[in-house]
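2 protein chains.
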Amino acid sequence: MKAGIQISNRVSQIPKSAIHEMTRLSKEVEDVAFLSWAKPTVDTPDHIKEGAVAAIRNGQVGGYSESTGLVRLREAIVEKLKRDNNVEADISQIMVTVGAIEGLAAAVMATIDPGDEVLLFTPTYSTHIQQVIIASGKPVLIPTIEDKGYALDFDAIKKAITPRTKAMICCTPNNPTGTIISENELRELASLAIEHDLTIITDEAYEYFIFDGYRHFSIASIPEVREHVIACYTFTKSYAMTGWRIGYLHADMTRIPQIAKAHIPFAICAPVVSQYAAIAALEGPQDCIKEFRDHYRAARDLMCERLDDLNTVFSYQKPHGSYLMFPKILLEKGRDSMAFCKGLLKEGKVSTTPGIAFGPTGESHLRLSFCVTLDEINKAFDRIKALYT
Amino acid sequence: MKAGIQISNRVSQIPKSAIHEMTRLSKEVEDVAFLSWAKPTVDTPDHIKEGAVAAIRNGQVGGYSESTGLVRLREAIVEKLKRDNNVEADISQIMVTVGAIEGLAAAVMATIDPGDEVLLFTPTYSTHIQQVIIASGKPVLIPTIEDKGYALDFDAIKKAITPRTKAMICCTPNNPTGTIISENELRELASLAIEHDLTIITDEAYEYFIFDGYRHFSIASIPEVREHVIACYTFTKSYAMTGWRIGYLHADMTRIPQIAKAHIPFAICAPVVSQYAAIAALEGPQDCIKEFRDHYRAARDLMCERLDDLNTVFSYQKPHGSYLMFPKILLEKGRDSMAFCKGLLKEGKVSTTPGIAFGPTGESHLRLSFCVTLDEINKAFDRIKALYT
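Chains as they are written, first to last, in the numbering used here: chain A, 1 to 389; chain B, 390 to 778.
Read the hints as simulated data drawn from the structure, not as lab findings. The C-beta atom is built at its ideal place from N, Cα and C for all residues, glycine as well. Treat the hints with care, since some could be wrong.
Residues on chain B that point at chain A, a partial pick, calculated with CB under 10 Å [claimed, not checked]:
| # | residue |
| --- | --- |
| 1 | 401 |
| 2 | 498 |
| 3 | 501 |
| 4 | 505 |
| 5 | 587 |
| 6 | 644 |
Subject to a maximum C-alpha distance of 35 Å in a straight line, what follows is the list of computed DSBU-like cross-link-like pairs (lysine-lysine) [claimed, not checked]:
| # | chain 1 | residue 1 | chain 2 | residue 2 |
| --- | --- | --- | --- | --- |
| 7 | A | 80 | A | 342 |
| 8 | A | 318 | A | 16 |
| 9 | B | 416 | A | 80 |
| 10 | A | 16 | A | 333 |
| 11 | B | 731 | B | 405 |
| 12 | B | 537 | B | 469 |
| 13 | A | 318 | A | 349 |
| 14 | B | 469 | A | 16 |
| 15 | B | 738 | B | 717 |
| 16 | A | 39 | A | 82 |
| 17 | A | 349 | A | 333 |
| 18 | A | 82 | B | 416 |
| 19 | B | 405 | A | 80 |
| 20 | A | 333 | A | 379 |
| 21 | A | 82 | A | 290 |
| 22 | A | 27 | B | 469 |
| 23 | A | 39 | B | 735 |
| 24 | A | 385 | A | 333 |
| 25 | B | 527 | A | 138 |
| 26 | B | 722 | B | 679 |
| 27 | B | 717 | B | 405 |
| 28 | A | 27 | A | 379 |
| 29 | B | 537 | B | 717 |
| 30 | A | 349 | A | 328 |
| 31 | B | 722 | B | 405 |
| 32 | B | 469 | B | 722 |
| 33 | B | 547 | B | 537 |
| 34 | A | 138 | B | 405 |
| 35 | B | 717 | A | 16 |
| 36 | A | 39 | B | 428 |
| 37 | A | 16 | B | 471 |
| 38 | B | 774 | B | 416 |
| 39 | B | 405 | A | 82 |
| 40 | B | 405 | B | 471 |
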């Protein structure tokens, strides 16, 4: 760093985002097969877009909303939580946020102080780890058990709890593995949270993308643990709205004003045009969610089939949720996942995400996104096959 | 706080937002004269709204943008900085943010660690103070000299610098006083920053609203200090776009990836629909800015005239910029500005902001916004006059 450029330790210790780095490198290559970003490749449904257009033309989006979000949107969220998450809430327990991400960041800031420890179950979304580091907290990474489908390791979790442990971040369905944490496992986490007075911060971004008869269980639906939970949700995955930056969180009503003290300095309020788009999403037909889910399941099946055909190159745990999976690279050169990804991009013109971006136990893995067309998956795997077999 | 509800010290020490509290209370009163929020009461200009509508319908806003923002928007920002701020930049020095606020928050996180000190010149926008507290830093509040038009007190500033001082936050035109920091004063701040290796974080939200022949001077236009500066700007005030949550920052290109490490966990990217609205704002006609400025000057003149008529109730420093002013309450009961504001709301149906929201030297003052119609100002002052004279 040049003289005169003061950089904080908190950001210095965060490595450059491997996800964003791969995106940048991918743009330099022509005709890439793109399996690296966790964003739907389809556009936002028309009725949602037109909800935003009407609000713009009606003069409803120029000014700030309440910092916790438009009342009508929070009312629609309350209905949705009751219908789909088995959570009884009222609007004083809801805060509309800039995607799930800003809600997660505000939740962490409202919960921990410098030096406090936060449990994370790896491999996990690197941004969760970074949010703890930005808060000058200590991320405590607890590996899941890969050959049991990335199951939680409760012995390790119990051993990791110290007097400095303040929270855990719990992402189900999981990014990057697509693992669903079962109701039984969540009940066991809830007991630990109650016993040790921990806050459970959830990321439920992929709640609707669940296959094979599994179902999404929201930990806040357990009455005994509810006051311990800050649950973060988003519209961006469910309704193909990543660019709109709109999500929300649910927490005890006494916590909301505390979380707002971080939310206001981060954002003042969520973008109002996107809040109206979200109202259209919740109040309109829900068919798009089922269509997306059906597509992702078909894409998942195709990707697994193509991986089965490459069983000397990859092993994998079949994901039952999300639109992401996390195969292990069996080749010697896969030990450095960043180098492997760069090689695959350069020689094979396939863009993927290196496992190292998801914590140390992610090394020797790739994250693959199946929120793409079947053609894109075939194109990518034809190239991978040509390169490695 | 209930058992089981873990709240961090950092948010616990932040008082509840007086601005948002007054907004909430004001909603409970019918027919309020509203002088309390710093948002334009006019809607976003049509050509900007239609820019967003076209992008929505063209399928351009559904997915994430680059985390630093759309290239075309950053190119337009580079042009604007050259034309209006005398700052030569390129797109690698620009990051598009969720209003100026998120840029300021990310800038603070990328600059300071827990316990580091940040200089702030009071009265100042309370959110700046809170951003330092959220970062577990120590805000060092240095009173300005009220009877010199809230001028900077350089003797006090020099005395306040310690080995832990890492940055200063510099808001010009100032919220809440409307004070413009002169070029000479900014050059003196620049010398201090170079001498003590400090980062200068600017909030230039009101850059276009300057009257009486004064002009806005951007400290990053001084070549010698440029590497020390993170300059935060916004579209939301200039183009009546507060609800769109769209701004940007300019810093040395080596700093941008470091600031991105906070920006990504806060927001991933700024809302893409708002980025397209911002492109329409920068590429379209600029007449709206002049119209807003002319209106605010007329509104400022009227407000000062009405205050002159109440010179036993208020004294004031005439603001030469922004759309805010900060009169002192001469009445005995004005010593508790929050109680005074609540009384004025209840008995007079006029909504204002208590000075205490802007640091301890703000006590005994009111913040009044003149980004309203002339009728609104007259209505408010007719009521104030009836109540206190």
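Quiz prompt | Numbers of unmet hints, in rising order | solution = The structure breaks hints 7, 23, 26, 32, 35 and 40; every other hint is satisfied.
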